[in-house]
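J.: Here is how the chains run, residue by residue.
Protein chains: 2
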Amino acid sequence: MSAVILDGKACARQVRAEVKERAARLRKRGTAPKLGIVLAGDFAPSQIYVRSKQRAGERAGIEVEVARFPESVSRDELLGRVHDWNEDTSVHGVIVQLPLPGGLDSAEVLELLSPDKDVDGLTPTSLGRLVAGRPGFLPATPSGVVELLDRNGITASGRRVTIVGRSELVGKPLANILLLKGGPGDATVTVCHSRTRDLGASSREADILVAAVGRPKLVTGEMVKPGAVVVDVGINRTDDGLVGDVDFEAVKQKASAITPVPGGVGPMTVAMLLRNTVLAAEKQS
Amino acid sequence: MSAVILDGKACARQVRAEVKERAARLRKRGTAPKLGIVLAGDFAPSQIYVRSKQRAGERAGIEVEVARFPESVSRDELLGRVHDWNEDTSVHGVIVQLPLPGGLDSAEVLELLSPDKDVDGLTPTSLGRLVAGRPGFLPATPSGVVELLDRNGITASGRRVTIVGRSELVGKPLANILLLKGGPGDATVTVCHSRTRDLGASSREADILVAAVGRPKLVTGEMVKPGAVVVDVGINRTDDGLVGDVDFEAVKQKASAITPVPGGVGPMTVAMLLRNTVLAAEKQS
Numbered sequence: 001m002s003a004v005i006l007d008g009k010a011c012a013r014q015v016r017a018e019v020k021e022r023a024a025r026l027r028k029r030g031t032a033p034k035l036g037i038v039l040a041g042d043f044a045p046s047q048i049y050v051r052s053k054q055r056a057g058e059r060a061g062i063e064v065e066v067a068r069f070p071e072s073v074s075r076d077e078l079l080g081r082v083h084d085w086n087e088d089t090s091v092h093g094v095i096v097q098l099p100l101p102g103g104l105d106s107a108e109v110l111e112l113l114s115p116d117k118d119v120d121g122l123t124p125t126s127l128g129r130l131v132a133g134r135p136g137f138l139p140a141t142p143s144g145v146v147e148l149l150d151r152n153g154i155t156a157s158g159r160r161v162t163i164v165g166r167s168e169l170v171g172k173p174l175a176n177i178l179l180l181k182g183g184p185g186d187a188t189v190t191v192c193h194s195r196t197r198d199l200g201a202s203s204r205e206a207d208i209l210v211a212a213v214g215r216p217k218l219v220t221g222e223m224v225k226p227g228a229v230v231v232d233v234g235i236n237r238t239d240d241g242l243v244g245d246v247d248f249e250a251v252k253q254k255a256s257a258i259t260p261v262p263g264g265v266g267p268m269t270v271a272m273l274l275r276n277t278v279l280a281a282e283k284q285s
Numbered sequence: 001m002s003a004v005i006l007d008g009k010a011c012a013r014q015v016r017a018e019v020k021e022r023a024a025r026l027r028k029r030g031t032a033p034k035l036g037i038v039l040a041g042d043f044a045p046s047q048i049y050v051r052s053k054q055r056a057g058e059r060a061g062i063e064v065e066v067a068r069f070p071e072s073v074s075r076d077e078l079l080g081r082v083h084d085w086n087e088d089t090s091v092h093g094v095i096v097q098l099p100l101p102g103g104l105d106s107a108e109v110l111e112l113l114s115p116d117k118d119v120d121g122l123t124p125t126s127l128g129r130l131v132a133g134r135p136g137f138l139p140a141t142p143s144g145v146v147e148l149l150d151r152n153g154i155t156a157s158g159r160r161v162t163i164v165g166r167s168e169l170v171g172k173p174l175a176n177i178l179l180l181k182g183g184p185g186d187a188t189v190t191v192c193h194s195r196t197r198d199l200g201a202s203s204r205e206a207d208i209l210v211a212a213v214g215r216p217k218l219v220t221g222e223m224v225k226p227g228a229v230v231v232d233v234g235i236n237r238t239d240d241g242l243v244g245d246v247d248f249e250a251v252k253q254k255a256s257a258i259t260p261v262p263g264g265v266g267p268m269t270v271a272m273l274l275r276n277t278v279l280a281a282e283k284q285s
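Note that the protein sequences, when read in sequence, are chains A and B. 1 is the number of the first residue of the first sequence in my numbering; add one for each residue after it. 1 is the number of the first residue of the second sequence in my numbering; add one for each residue after it.
It should be emphasised that the hints constitute simulated quantities derived from the structure, not laboratory data. For every residue, glycine included, the Cβ atom is placed at its ideal position computed from N, Cα and C. Any given hint could be a false lead.
Stated by the list, open to error - Below, simulated DSSO-like cross-link-like pairs (lysine-lysine); rule was C-alpha separation at most 30 Å, straight line: (1) B:K217 - A:K181; (2) A:K9 - A:K20; (3) A:K181 - B:K225; (4) A:K283 - A:K181; (5) A:K181 - B:K181; (6) B:K181 - A:K217; (7) A:K225 - B:K181.
What the hints assert, rightly or not - Label-pair ranges, simulated between beta-carbon atoms: (8) A:E108 - B:D105: 23 to 31 Å; (9) B:E108 - A:E87: 20 to 28 Å; (10) A:R215 - B:S72: 56 to 64 Å.
Please build the complete structure, drawing on both the sequences and the hints.
T.: So, in structure tokens, the structure goes:
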């Protein structure tokens with residue numbers, strides 16, 4: 001048996017096409033959807049991510065303004081920019097590219113951002129609304145995971161999902177999404193991490209296994225139940241190039257479906273960010 | 001074998017005694033800790049809960065002011081009271097007793113409450129800070145569960161915890177607390193609920209099993225691994241009196257430790273609320 005490959009690139013293309021239509025409808029009604037990105041310092045991966053968000057946004061008909069600050073930017077300058085964009089009705093979504101330069105408190109910056117413009121879904125208010133089951137923006141990567149499953153006809157409802165990794169960006173919000181009543185939720189969810197004593201025991205229980213820790217090939221073939229769906233959120237730069245947290249070649253022999261790296265969850269993240277932005281513009285217009 | 005009974009009454013008494021000392025220290029420094037409770041309508045259990053919070057607060061040296069509103073209270077009156085207490089420096093903690101009378105949106109009222117005074121830990125900001133692993137107030141019942149375990153020398157770190165129930169008040173925040181790095185966290189956590197297909201399979205994996213659904217005797221002896229710790233958060237009024245979600249007589253033969261109902265988690269909830277209030281007063285003074 002060899003697993004179905006869950007094509008994140010194709011799925012992200014669909015999402016972006018839908019975003020483009022919605023953006024066009026908004027412009028006809030006089031609203032030009034716009035995303036503001038706060039980018040501080042010169043951390044190379046951040047430069048790359050921001051450029052790809054900018055390009056994808058512009059292709060989908062969303063204007064993207066990047067506010068660039070030097071490594072030496074002060075707390076007040078960053079807070080000032082977030083405050084200005086909170087007030088600026090021509091900007092519908094705002095993201096703060098993380099990490100910020102050392103010494104700056106990203107939590108403080110995020111807490112200032114208006115939840116109505118928090119298209120990354122990372123402010124405490126957005127995360128709290130998620131836990132409370134209230135409407136709000138969902139973080140891009142975890143919502144990309146559930147979207148990718150959904151568009152491939154895979155439902156988590158009633159099934160056992162094991163998430164390896166408890167990060168604030170992926171593992172914990174994903175667990176909370178999968179526990180929602182109805183919609184993408186209704187799963188029985190287990191969260192594992194570095195302190196889990198028997199990772200294999202938990203991973204082998206999973207109908208759907210999600211790896212999000214950032215350790216190359218952590219998930220081996222023996223850790224997967226035959227027929228499980230395996231989602232790889234890891235992106236690790238190694239001597240062999242970009243690899244995920246899953247030993248793809250071994251696991252695809254056992255899984256019924258698997259996401260590749262690259263080309264799996266990665267492209268979904270940017271697409272979901274754009275969808276949140278067009279949704280923000282629709283709500284504000 | 002018969003399980004050790006985890007005495008919530010005794011444990012809550014310890015917590016309240018510590019709160020009393022801290023409150024006395026605060027008063028010596030000129031701050032009289034004060035809790036404001038918004039109580040709307042005449043739902044009988046709410047009247048009882050509020051009275052017990054008031055009594056426990058006053059015994060611990062915390063002034064408690066109850067703002068009572070009729071069933072017909074308007075949204076603006078409630079929001080106005082929360083707003084006033086947000087601004088009032090003599091009030092350190094505020095809780096909104098739920099449920100509110102029909103037609104009133106409790107989420108809207110909670111979103112207005114200052115996170116610095118949110119001693120029930122139920123505002124979106126507090127829940128989001130919990131998910132993000134940032135300092136903030138933890139909800140009283142789930143933090144009562146971890147406190148009760150901790151004071152009985154039971155650690156969740158590295159162990160499998162299964163939580164039955166995914167409510168916003170207990171199940172979901174408790175899962176997020178147990179997933180924190182360090183402290184009361186580092187557990188491998190599974191959350192089950194009404195859509196879980198094989199509840200027994202998940203419950204039998206648990207080193208620590210927490211039941212929080214509100215269904216009398218849902219957890220039977222067969223659902224518990226021998227030697228597990230069982231925490232019963234349920235409070236159900238039945239013809240047999242107050243019973244929990246756990247079949248106490250059967251389960252205590254298998255568990256190594258178990259909380260009774262009443263006298264287990266219940267008393268901890270009020271004690272943790274008072275501890276949050278004195279903490280709020282310390283931070284604000």
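J.: Now tell me, hint by hint, if it's right for this structure.
T.: Going through the hints against the structure:
no. : hint                        : in the structure
1   : B:K217 - A:K181             : holds (23 Å)
2   : A:K9 - A:K20                : holds (16 Å)
3   : A:K181 - B:K225             : holds (28 Å)
4   : A:K283 - A:K181             : holds (23 Å)
5   : A:K181 - B:K181             : holds (27 Å)
6   : B:K181 - A:K217             : holds (23 Å)
7   : A:K225 - B:K181             : holds (28 Å)
8   : A:E108 - B:D105: 23 to 31 Å : holds (29 Å)
9   : B:E108 - A:E87: 20 to 28 Å  : holds (22 Å)
10  : A:R215 - B:S72: 56 to 64 Å  : holds (58 Å)
Comparing the model with each earlier hint shows no violations; every hint is respected.
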